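Residue numbers (my numbering), protein chains in the order written: chain R, 1 to 246; chain A, 1001 to 1315.
If you are wondering where the hints come from, they were derived from the structure by calculation, not from laboratory data.
This one's a predicted model, so the numbers in the text were calculated from it and none came from an experiment.
No residue lacks a Cβ here, since even glycine has one placed at the ideal position from N, Cα and C.
Treat the hints with care, since some could be wrong.
Said to hold, decoys possible - To give a feel for the contact side, a few chain A residues facing chain R, derived at Cβ under 8 Å:
#1 1159
#2 1161
#3 1268
#4 1273
#5 1274
#6 1286
What the hints assert, rightly or not - Non-contacting residues of chain A with respect to chain R, defined by C-beta distances greater than 12 Å in every case (computed):
#7 1016
#8 1079
#9 1111
#10 1139
#11 1224
As the list claims (entries may be wrong) - Using C-beta positions, here's what the derived DEER-type ranges look like:
#12 A/1272 to R/205: 29 to 35 Å
#13 A/1226 to R/79: 44 to 50 Å
#14 R/45 to A/1195: 40 to 46 Å
#15 R/123 to A/1226: 26 to 32 Å
#16 R/246 to A/1070: 57 to 63 Å
#17 A/1150 to R/75: 53 to 59 Å
#18 A/1272 to R/187: 38 to 44 Å
#19 A/1078 to R/30: 42 to 48 Å
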Amino acid sequence: MSVPVRVVTLLVAFALVVVGAVFVVAHFVLSNPPTVDYTGAAHNGQVNVVLQEDPQNNSASKPIWVSYYVMKPGANPNSQSSWVHTTLFSVPPNTRVNLTIRGYDGCTPLRNNFWSQVQGTLGNVVALQQFQDTGKSVGPVKVTSIVNSWSGCNVGHTFAIPSLGVFVPVASPNAYNNGNKAGLCGSSPCVSGPFSLESFSFMTPDHTGEFRWQCFVPCGGGYVDGNGGPMQTIGYMTGQMNVVSS
Amino acid sequence: MTTPEATTGAAAAEPRHGLRIFLIWLPLAIIVDLIVWFVWYPHFPPGRMTDQAQGQQFDIAVMTVLSVPVLLFIWVYFAYALIVWRRRPGDEEDATPIHGNTRIQATWITTTAVIVLGLFVFGTVQLIVPAGAGAGEGPSPIWKPHVNQLLKVQVIGQQWAFTYRFPQFGGIETTHLELPIGEEVQFNVTSLDVIHSFWAYQLGVKADANPGVNNVAFAKPQQIGDFTVRCNELCGLWHGAMFNTGKVVSPVSFMAWANGIRDRETRAGVLITLPAYSLTYDPTQITSLGNTLKKVLGITGSPGYYYSPANPVQP
Chain R
1 MSVPVRVVTL LVAFALVVVG AVFVVAHFVL SNPPTVDYTG AAHNGQVNVV LQEDPQNNSA
61 SKPIWVSYYV MKPGANPNSQ SSWVHTTLFS VPPNTRVNLT IRGYDGCTPL RNNFWSQVQG
121 TLGNVVALQQ FQDTGKSVGP VKVTSIVNSW SGCNVGHTFA IPSLGVFVPV ASPNAYNNGN
181 KAGLCGSSPC VSGPFSLESF SFMTPDHTGE FRWQCFVPCG GGYVDGNGGP MQTIGYMTGQ
241 MNVVSS
Chain A
1001 MTTPEATTGA AAAEPRHGLR IFLIWLPLAI IVDLIVWFVW YPHFPPGRMT DQAQGQQFDI
1061 AVMTVLSVPV LLFIWVYFAY ALIVWRRRPG DEEDATPIHG NTRIQATWIT TTAVIVLGLF
1121 VFGTVQLIVP AGAGAGEGPS PIWKPHVNQL LKVQVIGQQW AFTYRFPQFG GIETTHLELP
1181 IGEEVQFNVT SLDVIHSFWA YQLGVKADAN PGVNNVAFAK PQQIGDFTVR CNELCGLWHG
1241 AMFNTGKVVS PVSFMAWANG IRDRETRAGV LITLPAYSLT YDPTQITSLG NTLKKVLGIT
1301 GSPGYYYSPA NPVQP
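Based on the sequences and whatever the hints tell you, model everything.
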C-alpha cells in the first residue's frame, strides 16, 4: 500500500471515530427531552401547569416505562396531541404555580410512608377528586393534607421538589373509588380510563434556577427495589422545573 | 561503615552542610508552626460546631504542625542543594562518592518511626476518646459518650432525600434537622433502599446509611448556627442534589420546634400512618396493608405492586 493511500486510510478512520464519538455524545449523553415553556402562560403572578402520570408510555423508540407527561399550556387535556413526553417545564420566578396532576396509574405503596403527607403546598393541602373512565366524577372534591399510601390502594406516585420543600402524594385512580372495575389506561398519553385529579399550589422562588423533582414511589418495575429505569431517567419519573425569567 | 569524609579525606575543606541546613530549617519550621497553630488553626475545617468537629479540627491542626517541618526540611534541603551543590562552569569532576552514613541512617529510621508510631497512637486515642470521632460505629458502638441523657435522632436515607425521626418525641419525622445546643446526640443512621452516607459536615459527623443496618454516631452541639447535610455515597441520578439543611438551636427553641412538629403531625394524622419506630425498616413488610396488599394487587391488575428486593433476583 502506497504512502498516500495509507495516509488517506488513516485520516478516514480517524474521522469516522471522531464522528462516531460526536454522535454518541450528542445523541445519548447530551440529549434531553423537550422543555415545555409555561412562562408565557403566567398571568397576574400565577401559572397553571398540568401533568399526568401513566402506567406506561407507548413510544416505539423508548422504554415503555411508567411515565409523567407535561401538557402544553392551555391545551385540551382530553386530546393526546396536547401532551408532551417530558418531565421538564419552565415557569417564571416568584409566581404561584397551580399544578394539576391527572393520575392514571395504579397504586404502589411508598417505601417511606412519611411522603403520604402533603408538605410545602399553600395550606399544606391538595384538592383531590376521582373520575371513572366514563369521565364521571366519583364523589366531591376532597381537600386533604394526607393521602395514606399504606391504606388501601391510595397512592400511585408522588410529585416532590425537595429543595423547595414540596412533597405531594398523587392519588391512584382507585383511591376512594374501590367500586371502579374499569382497567387502567392502556394507551398513553392517557385521555381515557379512570383517573384521579389532584390540584395544589406552591410558590416558585424569587430567583431563577433548576429545581429537580422526582417521584418517591419505587416504581421502576423490573429493577432492583423498583429504583432503576424510570426512577433514574429524566423524562419519566423525574425531571426539572426550570425557573426562568419570562 | 565508612563515611564520605574518611573516604575522600577532603572533609576539612567542606563546610558543615548538615549543620547549615539544620540552622536554616529549625527557625523556619518553628515560625511556620507557630503561624499554623495560632493563626490558621482556628479557621480549620470543619469548625467547632460540635465536640466532634472541634476534635477533628484539633487532629488536622496536629497533623499539619507535624507535617510542616517535614515539608520544610525537604524544601530547605532542595533549595540548599540547588544553590550550594550546583555545577559551576569548568567543574568537570564527579561528586564525592557516598558509601553510607550510619548516623544519617539511624536518624532517618528513628525519626520516621517515631512520627509514624506517634501518629498511630495519637490517631487511635483520638478515635476512642471522643466516642468514635463522629464516624459511624455500626449497630453496637464500642465507644460511647459517658452521659446519662442522649437525644436520639434517626437518620433515614432514601433516593434522594434524608428524613429524621425522633423516638423521644413520639416518632415524629421531618425533612429538616434541628438539634439543641449542649446535649449529646446519638444518630441512628439507616437507609430504605441503596447505600447513602449521612454527612453533616459542620457537625463533624459522617456515617454510612445502609439498608437494614443501624449505624450509630455521636456528637454534642456546642455552637448555635446552620449546618448542611449531604449524601456522601454515590447513590443514583440525583445524588448530587441530595442535601438539606439543619440548625443548632437553644434547648428551649428545640423543644418548641419538636413539640410543634409532633402536634402538627398528630393533627394531620401523619403520626399514625408512620411505622412504629424501629432501628431499621424492611420496606417490603407493610403490616397495615396485610391481606389488603393482595387486594390491592387484585384491584390494580397492572404493575402497580410493591417491588421487593428480589425483583429482579439480586446478584
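Evaluation of the provided hints:
1. For residue 1159 of chain A, the interface hint holds, since its Cβ comes within 8 Å of a Cβ in chain R; the closest pair sits about 6 Å apart.
2. With a cut of 8 Å, the hint placing residue 1161 of chain A at the interface with chain R holds, because the nearest CB-to-CB distance is about 5 Å.
3. Nearest Cβ of chain R to the Cβ of residue 1268 of chain A: about 5 Å, under the 8 Å cut. The hint holds.
4. This hint holds: residue 1273 of chain A has a C-beta 5 Å from the nearest C-beta of chain R, less than the 8 Å allowed.
5. Annotation: residue 1274 of chain A was flagged as interfacial toward chain R, and the flag holds, the nearest CB pair being 6 Å apart, inside 8 Å.
6. A hinted interface residue such as residue 1286 of chain A counts as satisfied when its beta carbon comes closer than 8 Å to some beta carbon of chain R; here the least separation is about 5 Å, so the hint holds.
7. Interface exclusion of residue 1016 of chain A from chain R stands, the closest Cβ pair being 61 Å apart, more than 12 Å.
8. The beta carbon of residue 1079 of chain A sits about 46 Å from the closest Cβ of chain R, which is more than 12 Å, so the claim that it is off the interface holds.
9. With a minimum CB-CB distance of about 51 Å to chain R, residue 1111 of chain A clears the 12 Å threshold, and the non-interface call stands.
10. For residue 1139 of chain A, the condition that its CB be more than 12 Å from all CB atoms of chain R holds, with the nearest at approximately 20 Å.
11. Interface exclusion of residue 1224 of chain A from chain R stands, the closest Cβ pair being 22 Å apart, more than 12 Å.
12. Here the CB-CB span from residue 1272 of chain A to residue 205 of chain R is close to 33 Å, well matched to the stated 29 to 35 Å.
13. Range check, residue 1226 of chain A to residue 79 of chain R: Cβ separation about 48 Å, and the 44 to 50 Å hint holds.
14. Range check, residue 45 of chain R to residue 1195 of chain A: Cβ separation about 43 Å, and the 40 to 46 Å hint holds.
15. Checked against the hint of 26 to 32 Å, the pair residue 123 of chain R and residue 1226 of chain A passes, with Cβ atoms roughly 27 Å apart.
16. The hinted window of 57 to 63 Å between residue 246 of chain R and residue 1070 of chain A holds, with their beta carbons roughly 59 Å apart.
17. Roughly 56 Å separates the CB atoms of residue 1150 of chain A and residue 75 of chain R, a value that falls within the hinted 53 to 59 Å.
18. For residue 1272 of chain A and residue 187 of chain R, the hinted distance range of 38 to 44 Å is satisfied, since their beta carbons lie about 39 Å from each other.
19. Between residue 1078 of chain A and residue 30 of chain R the beta carbons are some 46 Å apart, a value that agrees with the proposed interval 42 to 48 Å.
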